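Respectively, the protein sequence lines represent chains H and U. Per my numbering, the first sequence starts with residue 1, numbered consecutively. Per my numbering, the second sequence starts with residue 205, numbered consecutively.
These aren't lab readings, by the way, just hints derived from the structure by calculation. Because the structure is a prediction, the values reported are computed rather than measured. A portion of the hints provided could be inaccurate.
Unchecked claim - Simulated coverage check for chain U against chain H, where a stretch passes if three residues somewhere in it have a Cβ under 8 angstroms from a Cβ of chain H:
{"no.": "1", "region": "219-229"}
{"no.": "2", "region": "256-269"}
Said to hold, decoys possible - Under the rule of at most 27 angstroms between Cα atoms (straight-line distance), these lysine-lysine pairs were calculated in the DSS-like manner:
{"no.": "3", "chain 1": "H", "residue 1": "Lys109", "chain 2": "U", "residue 2": "Lys221"}
{"no.": "4", "chain 1": "U", "residue 1": "Lys247", "chain 2": "H", "residue 2": "Lys109"}
{"no.": "5", "chain 1": "H", "residue 1": "Lys76", "chain 2": "U", "residue 2": "Lys270"}
{"no.": "6", "chain 1": "U", "residue 1": "Lys221", "chain 2": "H", "residue 2": "Lys72"}
Glycine is no exception: its CB is placed at the ideal position from the N, C-alpha and C atoms.
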Amino acid sequence: MKACVINFLGSNCVIETKDSLLKAGFSVDIINQNETNLADYSLIVLPGGFSYGDYVSCGRIAKFSPVIGAIKEKIKQKNSIILGICNGFQILCEANILYGALLENENQKFISKDVDLIFKDKTFKLPIAHHQGRYYIDDINKIKDYELIKYKNNPNGSYYDIAGLYDKKNKVLGLMPHPERNYITPFKEEGGKIIFDFIKEELR
Amino acid sequence: MKIFVYKIITKLKEEIKNPQGEVVENIVKRLSVSSNLKVNTGKFYEIKISDESRIEADKKIEKISKEILINPLIETFEIINVEEL
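Work the whole structure out from these sequences, hints included.
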């Protein structure tokens, strides 16, 4: 299976994301924000980082990239998964590909630590590293068909303890924690493996 | 062509918890300046734009504000001043 990692101007988690996808068994291309041909890819990853310097707001400027239009078209074909990690999740929300928004953390601090997560009755650890990760939603009914990844001990004030979302219908997964960092770290791969195994299962 | 200067503020919707505002409130209370206040925070933009008319410039500023300066789910914008140079 073929995956791509989109290297937006200011993305800085491209290499470890690529390495984790290779470990998960994908062949991987790194593309940039101007790419509009996504036909080859069954997994499209928007990695972490600081696209466009987080100017105006995290993910706000990246949503105008040509690749975002191509992703919206690709979703309609229902033959791929879109994965947004951290800044990638922020971009997906800003582009209205996933519902909701990411606000500054309630404690106003950049939080970098391992957190306990709950997803599909499994509990596991993944690292977070963000300043704007407080998930906000005005009406929980709008995501009633999504599968949720939840914090066990909410670190940033996210509404309903939400750390990530999977829109099963459109096959779009966004999460603030970093499965790729965990997956390529020796002896710490469990949480990352759960996320990448889930993606591979959904692609079957 | 006319040149207009727009001053625009954006801020979080009032129903959304704003920790920066709360920090200012707490300091004001601690310094005994006032105990009865509500603080919201936001951003300020000044945009200079050339156009045929004020009506056309207004339309463009509205589009810029709605699509780039704010996320309508969480923020609002207000044009607080317009000047023609």
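Hints, one by one, checked against the model:
| no. | hint | in the structure |
| --- | --- | --- |
| 1 | 219-229 | holds (count 5) |
| 2 | 256-269 | violated (count 0) |
| 3 | H:Lys109 / U:Lys221 | 15 angstroms, holds |
| 4 | U:Lys247 / H:Lys109 | 19 angstroms, holds |
| 5 | H:Lys76 / U:Lys270 | 26 angstroms, holds |
| 6 | U:Lys221 / H:Lys72 | 31 angstroms, violated |
Hints 2 and 6 from the list above are not met by this structure, while the remaining hints are.
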